[in-house]
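Residue numbers (our numbering), protein chains in the order written: chain A, 3 to 471; chain B, 203 to 382.
Hint data in this document are derived by calculation from the structure and do not stem from the laboratory. Any given hint could turn out to be false.
[Stated by the list, open to error] Computed from the model, here is a short list of chain A residues facing chain B with C-beta under 7 Å:
| hint | residue |
| --- | --- |
| 1 | Pro294 |
| 2 | Ser312 |
| 3 | Asn374 |
[Unchecked claim] Under the rule of at most 30 Å between Cα atoms (straight-line distance), these lysine-lysine pairs were calculated in the DSS-like manner:
| hint | chain 1 | residue 1 | chain 2 | residue 2 |
| --- | --- | --- | --- | --- |
| 4 | A | Lys38 | A | Lys281 |
| 5 | A | Lys38 | A | Lys314 |
| 6 | A | Lys281 | A | Lys238 |
| 7 | A | Lys38 | A | Lys9 |
| 8 | A | Lys376 | B | Lys366 |
| 9 | A | Lys314 | B | Lys382 |
| 10 | A | Lys27 | A | Lys243 |
| 11 | A | Lys430 | A | Lys376 |
| 12 | B | Lys270 | A | Lys281 |
Here the structure is a predicted model, which is why all the values come from computation and not from measurement. Think of the CB as a built atom: it goes at the ideal place given N, C-alpha and C, for glycine as much as any other residue.
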Amino acid sequence: MLPRIFKRIRDWVDDRTGLPTAIGKMAGHLVPPDAKWWYVFGSATLCAFMIQVISGIALAFSYIPSASEAYSTLRFISDEAPFGHFLRGLHYYGASAMVLMVGLHMVQVFLFGSYKFPRELNWATGVLLLGFTLVMGFTGQLLRWDQNAVWSVVVGAEQAGRVPLIGEWLAHFTLGGDTVGGATLTRFFAIHVFIMPALIFAFVGLHLWLVLRHGISEPPTAGKPVDPKTYRQEYKELIEKKGRPFWPDAAWRDTVFCVGMIVAVAALALFFGAPQLGKPPDPSIIAASPRPDWYLLWYFAVLALLPHGSEKYFMVFGPLLVGLLLIALPFISNRGERSPSRRPWAIAAVLMIVLMIAALWVEGVRSPWSPNFKAQPLAMSVVGATNGPVFVGAQLFHSKGCLDCHLIGDDGGRRGPDLTDVASRLPKSQMILRISNGGVNMPAFAANLSQADMDALIAFLQTRKIQPP
Amino acid sequence: MNENQNKNTPPCQRPAPTPEELTRRRFLERLSLVAGGVGALILTVPIAGFILAPFFARRHEMWRSVGKVESFKIGETAAVQYEDATPLPWAGVTARSAAWLRRESADTFIAFSINCTHLGCPVRWLAEANLFMCPCHGGVYYKDGAVAAGPPPSPLPRYPVRVKDGDVQIQTASIPISNK
Chain A
3 MLPRIFKRIR DWVDDRTGLP TAIGKMAGHL VPPDAKWWYV FGSATLCAFM IQVISGIALA
63 FSYIPSASEA YSTLRFISDE APFGHFLRGL HYYGASAMVL MVGLHMVQVF LFGSYKFPRE
123 LNWATGVLLL GFTLVMGFTG QLLRWDQNAV WSVVVGAEQA GRVPLIGEWL AHFTLGGDTV
183 GGATLTRFFA IHVFIMPALI FAFVGLHLWL VLRHGISEPP TAGKPVDPKT YRQEYKELIE
243 KKGRPFWPDA AWRDTVFCVG MIVAVAALAL FFGAPQLGKP PDPSIIAASP RPDWYLLWYF
303 AVLALLPHGS EKYFMVFGPL LVGLLLIALP FISNRGERSP SRRPWAIAAV LMIVLMIAAL
363 WVEGVRSPWS PNFKAQPLAM SVVGATNGPV FVGAQLFHSK GCLDCHLIGD DGGRRGPDLT
423 DVASRLPKSQ MILRISNGGV NMPAFAANLS QADMDALIAF LQTRKIQPP
Chain B
203 MNENQNKNTP PCQRPAPTPE ELTRRRFLER LSLVAGGVGA LILTVPIAGF ILAPFFARRH
263 EMWRSVGKVE SFKIGETAAV QYEDATPLPW AGVTARSAAW LRRESADTFI AFSINCTHLG
323 CPVRWLAEAN LFMCPCHGGV YYKDGAVAAG PPPSPLPRYP VRVKDGDVQI QTASIPISNK
């Protein structure tokens, strides 16, 4: 009895809207039979995006996008609202998952040569979606609106300012005026909550439309290159002969992976929680050490490690060039072998890029180029004297800022060379020369040290020798 | 196949117009495009204007007192806070700005921007080392704002500063955007 009513309702809806049939056709479209676990990352990205939409809308119930109030609403969400801390965590780890899945999806598509004919525009729209995702990550970090967020806006504006001709204009557009202020946050709110999501929805739609139009690419076979003249026919024959309906033959893997990801994201949110809020967004609090969230930390390292003087060109043309190259990839080569076993350079390129980002990321976490402002005066056991020039020199080594950038044992910063046993490699004259004149990354201290200071400092440094075992 | 096509041909189809001929259909097509364009323009100009408003805002610079002259010691550099020129009512703490103020002599002061010229991070003053250091990428400046080390492309910018009625005053300014 009941099922018949359901069927009649369904038929009525289908007659009036046509949607059940259309959706059924899409869900049942035939996919290659051996598209297995490698193919889950695209839908996983969409799944992560859905986590973001839902958790983002929930957060918007309590968030006030006002320069004066956003911080206190974040405090409220984090500390008082039921599930608030969990929800912020969900949005943060959901964002992390989305960035990660976009990356994995891209690597898989690249290695499988799926971007080749006729799927060039699948790839190009995917690259744009990667860009949108990163913009969401950056603007999302700013909506946290703590001290780190405020300085990240400034850092963003300074990078925009490097663009030739319209740089200053862009920088002011980013800040929403001359300084960080009342107009800044609302702009990023509108971008993060309306503009970028709308673009992502539109391009996900287009991306999926293209997936349906060209079909899911079959796993590559070595020795079976793509020839635009014959590819479509071959794919059609393969699908007609061996194709399986997407739902449920392939979709079950997407579902299982997606649910696994949701569980992982929720577990991370529950056990680790969202990033701690920093100090209030007061630009006059000078003690700040702005850092981007993890997915942009590697770029923070790039900006620190660029050769001095090349920043201007790199900051503008670097990202632009990378973006253009990525979009251009299928237009440079849309035919030939797809199998990674026949494309060693493709594997090498992926390995190089992954290693490069990983290495830069590790450097970003360590950020050895940042002075260690927390360096404490050296302990007596390290100095080895309680009075006399060695003792005075050790005090100067801290007070003159040397320790902020140089290591003595385990204390100090990592900006300059480790001076734990400097006396074993540099003679006194060299030490004086370097301290007086400085270098590319070291200030010249000649005008800042009296002769007595210099003598004491050298006396201290001369005790820094390799200890006999 | 041909038969089918013939069957589907609408009965009212007219002979194709020559390129110069303005048919009713072509006229309506153009009308729609032009009307759509006008509608888009009517909406775009004010909306774009609103979004780009920050560029049309007239800059009001103001002198802000940051402390009595005698509260600053000669030869020392201190952080001073003041309010931006015309903060929006809901700016809250973001309306605040800071500068490093150095008293050179009895009546000369220098006000440095706190923004590193590399990427704008707030530089800190290390009084005993006589250096400004940036927490982000390790830029260092001497006490006069000249670059001492690291990636900054130019010296720390300076803000106009004056002494009026016993007060040290700094002129508000935009965040210096480095283009080097």
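Hints versus structure:
{"no.": "1", "hint": "Pro294", "in the structure": "violated (10 Å)"}
{"no.": "2", "hint": "Ser312", "in the structure": "violated (10 Å)"}
{"no.": "3", "hint": "Asn374", "in the structure": "violated (10 Å)"}
{"no.": "4", "hint": "A:Lys38 / A:Lys281", "in the structure": "violated (47 Å)"}
{"no.": "5", "hint": "A:Lys38 / A:Lys314", "in the structure": "violated (45 Å)"}
{"no.": "6", "hint": "A:Lys281 / A:Lys238", "in the structure": "violated (59 Å)"}
{"no.": "7", "hint": "A:Lys38 / A:Lys9", "in the structure": "violated (33 Å)"}
{"no.": "8", "hint": "A:Lys376 / B:Lys366", "in the structure": "violated (38 Å)"}
{"no.": "9", "hint": "A:Lys314 / B:Lys382", "in the structure": "holds (6 Å)"}
{"no.": "10", "hint": "A:Lys27 / A:Lys243", "in the structure": "holds (18 Å)"}
{"no.": "11", "hint": "A:Lys430 / A:Lys376", "in the structure": "holds (29 Å)"}
{"no.": "12", "hint": "B:Lys270 / A:Lys281", "in the structure": "holds (29 Å)"}
Checked against the numbered hints given earlier, the structure breaks hints 1, 2, 3, 4, 5, 6, 7 and 8 and satisfies all the rest.
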